[in-house]
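**Student:** Sequence:
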Amino acid sequence: RVNVEQRKALVDFGQYVAECLPRFVQHVQMSSTNELEILIHPDGLFSVIAFLKDHTNAQFSSLADITAIDVPTRTYRFELVYNLLSLRFNSRVRVKTYTDEMTPVASICDLYDAAN
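The numbers in the working numbering rise by one with no breaks, and the one at position 54 of the sequence shown is 54.
It is possible that part of the hints are untrue.
[Said to hold, decoys possible] Think about it this way: if two alpha-carbon atoms lie no more than 35 Å apart in a straight line, the pair counts; the simulated DSBU-like pairs of lysine-lysine are:
#	residue 1	residue 2
1	K53	K8
2	K96	K8
3	K53	K96
No wet-lab data here; the hints were simulated from the structure.
Since this is a predicted model, take the numbers as computed values, not measurements.
Assemble the whole structure, with the sequences as input and the hints as a guide.
**Tutor:** Here it is in structure tokens:
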């Protein structure tokens, strides 16, 4: 369970990421389960994930999960979701991006073995 201080720290961190990578971060929000979600442009996938993995204030060294959601009614029908864990700070972040049937997104296999 996330308390008020933890929630504020997560929101502040999300805003920090948005300020560091304004070209790619489109929106930062908290999920209904109080997890930080960072919505990004697909062109920034590798850069944002690398930042979250390597930055001193993040250290999301573990890729817990990758999943995709297909919403056929959307122009960019595929929502890609990357769940990252920072063991150093005991926190999670969910990075979301999007694509269509024809546009590939960058691989993050060079960052996380679990992405393969």
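**Student:** Against each hint, give a clear statement of whether it holds in the structure.
**Tutor:** Evaluated hints:
no.	hint	result
1	K53 to K8	21 Å, holds
2	K96 to K8	20 Å, holds
3	K53 to K96	15 Å, holds
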